[in-house]
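> Given the coordinates of chain X, work out where chain B should sit on it, guided by the hints.
Chains X and B, in that order, are what the protein sequence lines are.
Residues 1 to 312 (the numbering used here) make up the first sequence, in order.
Residues 1 to 331 (the numbering used here) make up the second sequence, in order.
What the simulated footprint calls covered on chain X by chain B, stretch by stretch (three residues with Cβ under 8 Å from a Cβ of chain B suffice, anywhere in the stretch; the number is not a length):
{"#": "1", "region": "21–28"}
{"#": "2", "region": "140–153"}
{"#": "3", "region": "249–256"}
{"#": "4", "region": "276–290"}
Listing some non-contacts, in silico: residues in chain B with all C-beta distances to chain X over 12 Å:
{"#": "5", "residue": "Pro41"}
{"#": "6", "residue": "Pro92"}
{"#": "7", "residue": "Gly145"}
Away from chain X, derived, C-beta distances all over 10 Å, residues of chain B:
{"#": "8", "residue": "Gln44"}
{"#": "9", "residue": "Arg53"}
{"#": "10", "residue": "Leu63"}
{"#": "11", "residue": "Leu75"}
{"#": "12", "residue": "Asp79"}
{"#": "13", "residue": "Val124"}
{"#": "14", "residue": "Leu132"}
{"#": "15", "residue": "Leu143"}
{"#": "16", "residue": "Leu151"}
{"#": "17", "residue": "Ile192"}
{"#": "18", "residue": "Arg227"}
I should point out that these hints are in silico values taken from the structure, not numbers from a laboratory.
Remember, predicted model here, so these are calculated numbers, not experimental data.
Cβ coordinates follow ideal geometry from the N, Cα and C atoms, glycine included.
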Amino acid sequence: MGLGAFVIKRLASMILVIIGVTLITFFLVHLAPGDPIRIALGIHASGQSVSQLEHQYGLDQPLPIQYLNYMAGLVQGRLGPSYESPDFTVNDILGRGLPITLWLGLWATVIAIVVGLPLGVLAAVRHNKLLSDNLNMAGNMILYSVPPLLLIGVARVIFSIDLHWLPVAGWNGFTSVQYLAMPVLIYASGIVGFYARSMRSFMLEVLNQQYIRTAKAKGLAYWKIVFVHAAKNTLVPFASILGPTIAFLVVGAFIIENLFNIPGIAQITVQSTLANDYNVTLATTVLLALAVVVVNALTDIFYALVDPRVRL
Amino acid sequence: MADESRLGAVSRVGTSVGTLETAVPRPSDDSGDVLAVPLSPMRQAFIRFRRNRLAVASLIFLLALLVLTCIAQWLPLIDPTVPDPANTDAWPSAQHLLGTDGNGHDLFSAMIYGLRPAFVVGIVGAVVTTILGVSMGLAAGFLGGWVDALLSRFTDLMFAFPALVLALLCEELFTNSNSPVGNALGDQARVIVMTVVFALLGWPALMRFVRGLTLQYKEMQFVEAARALGLSNWGIVLRHLLPNTWGLVLVQATFTVGGFIYTEIVLSLLGLGVQVPTPDLGYLANQALADLEINWVETVAPSALLTLLIVAFAFLGDGLRDAFDPQTRES
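So that you can see chain B by itself, here it is in the shape it has in the complex:
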């Protein structure tokens, strides 16, 4: 099956080369060699990614959820912060699509609004942590010497740190009622503190990964050539090393988003995540565990959505990895 799809990928590259023929003048020797037509690695990866139906479906699903939660306040949804005291622990009905929770909040709209903390923590946290990890990895790998030694030891330290425990500690320290930080940030303190903590703790694996890639590329001839042409260190890093790591970094970042969302849920389960009145998927599912005997939809629906979210990020990451790094794909 794997072989077939690989053959398919080749023929597909062939056909898209065909469509490019009109735009790109063909080399005069007309050898019919596919490689002769310039097709950037990014474009090749995109073509490979497009063929992976599961990954594309995951991407569409995630984008749909993202749009849905962003425009939630303009949709005809019941306000999830206003309880309906006449309808508590209600089963799904026409009025409340997925029923209500123990306080009478509409579950369906709470779930849509509840995606916000997950997306904010996951995406913002992953973007910041990726920037940190990539810049430290590039610096350590390219500069070497004492910079490498220092950054690598620091990475070892942060890698060993139980990130969940530190996040737990920071949530409690900075968002309790005595904390000036918590008071300054107001209602959203927990989401903000969580995003900052994840961003500051999430980079070690990425740093090691980028450092390894940089060490590998640094010895290659294209870097030597760039240096011979007189390009500065900055130029080599920005124009030659960085673009070569992009694809694989994107893969890692996708897995990071999934990981952060998962940790956000775990913190919510421990009572240290996002709190009322802000709706949050993990909080919803956890609160409802106590009412399981009365109405199991309340806990199963949000946790099922969470599962879909995490699985979709995993499929997306797998698809991106296969697209950018076809050699490592599982047979």
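Isolated chain X (complex conformation):
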């Protein structure tokens, strides 16, 4: 199979998965008890106004037709109205939340790369040294496995309540370092530990290869061996941790946004679920699934690019 054919096949299966996700979520949401319109209008709404609104939103049609209508809208990028706040479409609501979530995720990933990868390289290069490997990795193990909840509790006691350096929670725009510092650092902490531990094992594996010994034997500077010869070859195994990174970021977003009261996608998802604002929940679920599926597809395509055996 050529690379082009592999990419097409991979993208086709990606689209199938997205259709499956929308199908399951759509029917789950619509078959469940609880009428979103009645809930949105309140218990005192007349039957007439409920059925009028239901007709307007197309909710009086059979479910399969509703699903097709929804999918037709989805393809054109229209995600439908919000039942809870009729003045806004779902696109408006997601448009407000998405940049915030992406901004937090971006900074968490940048910090993980800038801090985690060098720590991993250090541990591999100075393998089995007390400070640079053992203590370094013990610290990263703690970062990786301690749930954010404990970090948040401890960080708030120290930095907000005792020292009054940082606010307890809240969102104050994209550039407010004071408000962003605690959520972003706690968001990043788990990924830092994950990246450092992964990088160490990738690097150790590469450094044990014959060609590294050859490079050493011909008198190449050690830093050049590590950063030029070895680093390049850690890229391939590194692609395998992109998927887990996205999973980490998604779950982390739910914790961070809800505990720090940040109005991103994850908080919108929880609030819309609690408010039975089905169109919003449906849209955020599809969006999160899309993120996971696209990253997995890109990872596979990357593998196919660097390793032709995968295409078989």
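Here is chain B on its own, set in the frame of chain X:
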């Protein structure tokens, strides 16, 4: 260090072989070859596991917590559902070992009772999801053809599903006051729905893993030999393939328990987990975050216990992996 411990493992196998000598008749050629004495892979793994102090300590710790929370109602603990209005947000004292929460519930006993939802969701969910994943993986890998294609595509679909979001959705849909499911299940609805959802969503990684192992083993000579002897497909799967995957499946299942407990906590944080009056660690820690300024023990103590729980499952999983699959252990 790794090399030493590996040498140690060999010599340890040697000594335990020595103790077996009396029970197992030695082969007559007496070559002194350790491999000549039959020692099942399970037993070898057990011996390797026993040498890993961290993993054994984690196992003992987890078993102790499990027993403690199971027998909690017979222990001299203060009932965690009865508040002590005179002592709200109290600091640790002789009467309340870890103090009380904002309503005056005893924190220490609430934490012990609060382990129950975590253990139920984690262990029951992981057992069910493991059975699902293993059977689907075996079926897909062994039968191949359209069964494999169908199951693999279905797994891709479930793998991409944001499980947390679906769990969130199901918690809300099936446990609200309008839901017949929620009303039928009563107080424990949330724990039950959560366990079911996790069990139904947790298997894709395991399925892929077992499918891969099955594809690999299927081509090996022992399967060919079994087939040549006339064993049926069922016999091959149950007697030859399944036992060979056990160890590695156990490792995955251990990590799954830790993962489910973590997700249970996240749902509690979002207000969709276990609710009062049932005590729950995640709920306790989350509620107390608001009272952080008054008494930080209320949130730090339950979240520290949660951390220990999750870390212990991770160490246990690592230890089991090193024991069952020594080749992949980190150098």
